[in-house]
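With the hints as a guide, bring both chains together as one complex.
These protein sequences, in sequence, are chains A and B. Our numbering applies: residue 1 is where the first sequence begins, and numbers increase by one. Our numbering applies: residue 1001 is where the second sequence begins, and numbers increase by one.
Read the hints as simulated data drawn from the structure, not as lab findings. Not one of these hints is a red herring.
Here are the simulated lysine-lysine pairs, DSS-like style, with alpha carbons at most 30 Å apart: (1) A:K421 x B:K1494; (2) A:K233 x A:K375; (3) B:K1417 x A:K166.
The chain contents come next:
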Amino acid sequence: MSRFQKGETICALITPPGVGAVGVIRISGSKAIEIVSSLFQSNKKDFKLTDAKTQTVHFGKVMDGNMVLDEVLVTIFRSPHSYTGEDVAEISCHGSGYIRQRLLELLQSKGALMAKPGEFTLRAFLNGKLDLSQAEAVADIIASENKSALQAAMQQMRGGYSDEIKLLREELIRFAALIELELDFGEEDVEFANREELKTNVETLLTKIKKLLKSFELGNILKNGIPVVIAGKPNVGKSTLLNTLINDERAIVSDIAGTTRDTIEEEFNLNGIRFRFIDTAGIRSTDDTIESIGVERTFQKAAQAAVILYLFDPRNTNAASLTDEINELKNNLHLKDATADSHIILIANKADLYDEESIRKEYASFSNLVILSAKHKTHLDLLMQKLLDVSGVEKINLQESLVTNARHAQSLRLAEESLHKVLVGLDMQISNDLIASDIRYAISQLGEITGQVSSEDLLDFIFSKFCIGK
Amino acid sequence: MHQDYDVIVVGGGHAGCEAAAAAANMGSRVLLITMNMQTIAQMSCNPAMGGVAKGQIVREIDALGGYSGIVSDRTAIQFRMLNRSKGPAMWSPRTQNDRMLFAQEWRIMLEQTPNVDFWQDMVKELIVENNKVQGVITSMGIAFKAKAVVLTNGTFLNGLIHIGEKNFGGGRSGEKAATGITEQLVKLGFISGRMKTGTPPRLDGRSIDYSKTEEQKGDENPGKFSFSDTAPLVRQRSCHITYTNEKVHEILKTGFEKSPMFAGRIQGLGPRYCPSIEDKINRFADKTRHQLFIEPEGWNTIEIYLNGFSSSLPEEVQYKALKEIPGLENVKMFRPGYAIEYDYFPPNQLRHSLETQLIENLYFAGQINGTTGYEEAACQGLMAGINAHLKLHKKDPLILKRSEAYIGVLIDDLITKGTDEPYRMFTSRAEFRTLLRQDNADIRLTPMSYALGLASRERFERVQKKTALVNEFIDLCRTTSISPAEVNAMLASKNSAEINQKIKANQLVLRPNIGLAEIAGCSEKINQFFNQIDNTIGQEVLEQAEISIKYESYIEKEFEYVEKVNRLEDVQLFEDFDYSRISSLSLEAKQKLSKLKPRTLGQASRISGISPADISVLMVYIGR
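Excised from the complex, chain B in its bound form (with noise of 0.2 Å):
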């Protein structure tokens, strides 16, 4: 009844639902395993993708030719340019969506994606073959075969909700977890390990006041996420801003003592950076208020999701705090938040392809890797479709450097230096931050997923053409004088010392508060050049090129660095390398370097614990 497959993926989340696209985009014949087709791309927690670090994972998911920021894009209900404010590595786009339509959207997407097939069914065994992945067998006791199978599991894998004292077996609310698959990675010679995480309460939105919050409007001129055709937001809905108080800190206190958290029933580690309630009350006991985001979960429901208030306390103890909080004082709650339990992997196990070091052909992507969110989940299930596409024709992996890609600090991070918290991405990690732009991700980006056979031609010729038009651009600014006469009335007008002889148009660019729009506004040269220029990639290319100017020095700092750290980025180390019998290196770097076998010299230099000195020694090494 079934044939066989090139890749199987498990699981129909974001990275699931990437890694199937990608493969299958590629060529593969890709079976896409999940429990329910109903959630499809379940937004399981908050509505809303992109933000700081992560809007930039999901341009590069982009450039690269995935889905997510198209569907983001076609089922944002509002945008918003982050950190507008500050410099353009800062800028994060974030959008909240519709979740029920964006399941939707992913749904269609991938029907119409050629060589995908679908099956509802929970997976609970591997076929493994002198350690090389064969298949999977289901719960129905039907086995697929296939060349390379990707688990996606999410937080599925013994899943385990609490909620105050309650707690029973479930992947997410309402859904059933999946067994089998730990227990026998961990008889194949997986290391497991337990995290948690939670969500808030989703709320009845006809039952807040709004009056008594504050509003946060989209941008007035959205952007989107997606390099391709996809249409800006022509309407927006708002979220809402609302605060917790000491009343309500008081109320959820008396809910500690059932706390699964407090309590110990809780042993995985949950992530610092998106605590719960209870936690944010617990650690910071000084603040008098928390912020609270009111956040619709679509166009027409009126369901609404409340961030800020994750909790897993008794559903009574939530639903009571609530009703202290301005605004909701008389909410109606559709289902209390929660607490999360599940089994994840350490991902120093795995390969910078996200393939397994013990099992080949079987990739890991997700939170099974102890990473949160979706656009870090869905770019790890992009890399592990192409990775597996690429293995079973005998191609070299796409490994991002981490000057080339947030991706690629995430995996390297990954890889390298493991995780026992779930894992966020933030701008901060990134040490070529000023590179890794938004703006940027189909010029870094799509020429190589184009080379793949993944990113469309109609993408990468827009991309060569957006660069080439760039390039002009900064040249025609660089030989283009600007008389007095000619920009001095502007100049005035946005409070810049006028000038009292011609000047090149790229000097004036790199004054605060002129960009080159005001520029072209003065000069007919470059007005009539960006006139010329395709609406459609018009205004990228302006502000490209305005980047390029105005941060050139901190650009090319950065490449000089990225040079520098290359160079021992393309040291490659054996993997078989004896570090024991080097007798100059610490002993830390020693068991270090031993246990996680790096791939390269720069690799190892950011394995904790390894100094640089243990790295001049093992260039001595290399060298003799």
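Excised from the complex, chain A in its bound form (with noise of 0.2 Å):
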């Protein structure tokens, strides 16, 4: 974590180091105030700087112990009014080394750090003081601190997909050749592309950025833990497997029907990835508000979930009505079904009260089942790895491309949404040159990511395919 994410307030001097009339020190940081406020002793009685408001001046004296140190002008910005967005003192001094010097100690004496060349301005960055606030900066300057591997790791992270976005990019860069063909060379004796050609280019392109965008969210998903909804009617043991996965007892069990109303989270490491397990309360209808609101919450809960376990108990159940409770589910959370049906666990639970081969018969058309005892925890393992399997985190580890920054992600988005309005504009037979326009926006954002800029790409490619001059 860094100092800034810690709070941690700096202080150096901002003016030059040589000698003159008078020097600055600027602090900045949580405590800045508090900080030179315990070292300032105003004019006016009774004046404590702590108090002081933002954009005002004060004239007074700095203490070192019993001594007065020099006379000074203290400036105190409130955040956000400041430089670097946080609160921030600056003390005008005279200009002595010495003086400079010892003020700083004791600035330092009182829990402030050193700052580091460019933090101030780092700062400002990360506040959003500065408009291009971009990671990469941001990421450069912190290395350029402590060349850590950090930045390495994120070169690496980075350098996973601008493979893949420049290839975008130079398909989007093709696709915008043929508008500007039309365009720059309408007198020319060469073939343009007609508008179906194009549509479907811009088709397959927004598929590939959609998939780059799910990787985002998968990569959050890795980092927040994968969402796994537990669910099913009331009293199937819904509870009872959120504990047995984690060991505790934080649900309320009881074999009252309706004894969770609220939905739990509880977290949970296998294989090194984390899940979000959350208990529901069941699904029926019920005239009860508080539970009502369960189920309503259990719904949007699962819309959001990567995973559904829906726990069912065979022996009050058979196919032809579980498939209705399925479909009553998915209907509820508006899943498509072909998407639904890989991502919904059926656990046939309390194994231990049937006997597990009839049911596996009568349950054999569904494809994720898993019979388990949550209360007796057998079978488990079978669940995590069906888990692993459904959640496919496996699958997508190292070889596909995962967007991990949130500023590319954006751009990514951007891009998505100008190729949308391409779209729009080639169905409502808008001209070239505007329908350009869009394309060029979504160009120049997957430049943002992999730092390429020229209009010069779109003429080398034009040059190179048509036959164009008189």
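In structure tokens, the structure reads:
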């Protein structure tokens, strides 16, 4: 964790280090004003710097123990109205080397740290006070300070998909070139691409961008834990399963149906991958207001989940009505069949109370079925393997590109949005020059990620592919 | 015998003429030195002005108070607005011109410009003292003193003409090359390079059978370039289209071994978008025919320019091949096509004012900077003339932004990206294409030029009036409701959905096929407003208001983007900034930034190899 994240207060001389009439020391951070106040004695009686308003200047003395070190002016900037965006105090002292040095020592004795080169600006950046807040630059600066392996890691992370985005960008440029061809060279004797072709082109690109965006979601999920919802009718043992999985009596277990009225979340680490289990209120129509809110919340949670564990008691249902239950669940979640089925694991619970073989036969048509006993902890290993399979974490691990940088994801999202506009424009027979402006925007967004910016690329493509020129 | 001048312009082509006129009109005493006063403003290649992106430049030159638009209008024999079917940013005016009249008109306009003197001679040397230019010395040994010099040498610097295996020194067909200047500039520290361009054969129109060609007429309602009161064309001449065929290609191929290009005798790089016919056949072997334009060289002359057939193959091969082209079976040739190699100076040695970085008060404009095209040359000449004058009066140079003019895009591209093939303007080079339209060039640029003392008060007042009327018109459309009774008949006739309740006029203009003219035909209030507008600008106001309404969302989006980009554009970088000490910059960025010394962060961001991350790093360091 960086000093910034820890909220450390930093200080440094911000005027040139040589001898001058006045020197200015800047202190920035959550304790900036408190620290300066502890050294400062105002000429006004009973006045404390900690009470000072933002953008005000105060005259007084800096005390070195009982001695007066210097008479100074202190300017107070309160967050966010400062250069760094944090609380800032700036002390204008006399320009002697000794005074400045001693003042910095005193500040450090009160808990401030010496600022590193560029650190005020870095904080300004991180607090959004500077315009172009770009993750790379920040990484670059952090790296230039401590030369840690962090940079290498980030570079690596980035390199993984920047190639893929370069390819995407090239495809877009090829596409833009087809559009531009007609604009700049409409008078030429070349064949222009038809709109249907262009449309297919954009659609292909969109699919690829969506996939990358999906990988960002996945990356996020990996970071925050894969959400797994435990759902099912009341009293099929959902809370028992949760407790079994996390070895903790977190959920209140009883045999009264509807005991769990709200969702409960717990984390669980499997093969180094975090899963976030969400126990839910049992799904049933109910007149109990609180419980029905719980049911509603179950649906919401389930809709966000990567995996749904659907528990049932095989003795109380049969294949046909289970199908109905699942369909109703999917309906309520607005899930499409194909995607939904692969994300739902069916758990026939209470295996200690029936004959497994006959149950297996009864429910043979369901693919993701696990028979276990939550209470007696049997066949839990089967569930674990299913979880890894269904969540797909093993598959995505290193093979696929994973977008992890939030700014890159944002660029991809904007590119996606622009390409959608292109599709609409193509449908509405809008003139190519206007369509081109949306494509350019998408290209520039992808360029932000790969660091490429040039309109020359377009022309290069046109000249290499078409016989242009009278 | 000779007075001292403020500005000496070397070369009397499109760049030189505009430079001389601009500096003189601003008040400088100007001497135009040209090797041949009979060929001032000679159209060395095709007899046409404008075209896609180039037409926009001519409009910009005109809006700034240059002469190219006026001369083109007065000497046009055909006018076409290209790309009419596309969005308004793409509309591009183009004229065919009478080559002889064009040169004559330019000469007369320059003669009538106070403060312009002429001298026929070749400049062989610059007078340079303490890295500052002081004048020129001619081949006759005459020294002319001047405070600033604009070099517009075109293809004349060590020009070498190639036809087949023959080559000879020359700046243009029948004209001598210029020597001495390149060598001196290189000694002074400039880097020079070679470029190549070419031109097609000229034909005898009496020997062409037009019945075998397609006619290409001018517009029914011809427009014009100049925002001033030049008259639109009443009658026009047509061009004709014909095609090469495989037989033509076979014959041309027999000359390939004697081709100076394929044999490697030509070192300079030619323009990819203006390839010779042999290049087209060679590179696009699967194409069985190429389009050719038969363009008349004037109202009365029988001379024909065969656009699309640029060649440096042996003249007898050119001739034999021509005869296989439909319509040209009995063709007579006046002169063969040829290729020409010439010296240029990579333009990243310039400042955005077009002043050289090495020698103070020395300006370059036109092909010497690696560009091609009359329009590209003319606008650089104009800017060099303006900036030379401003510099002598200790004023800031006029630097047009990329968001303000194609001229700004052109100069910024040259200086930031450089070029190793002849640079031609395309609309795709302009990221703010929707703003840089030919219809609003006057609104964009005339006020700026007026403030500098170049554009006349008359022009300025016209733009002010036009702008005010356009805004009034737009407001009127936003506030005027149109009833179904007023408009439905018209909508039905245009296959546009009828309305069933009142709607604001501007909403209707958003529909395709519906323009302000149609609305004016339905609404008494709007019609009245339109009719009280002075005839001379009525159509322009209507068009401008219509475009503003129809494309508002695109225009606004682009303005937003401009603002975002200008935030970088407004951050100045110091020329002596030591990039090597910024450890977080990539090695490539350090090298390129140190070499190109960008003026602003925006310019830095456009240098190839400079990534957004590098720009962020620079921002961080500047912010500190």
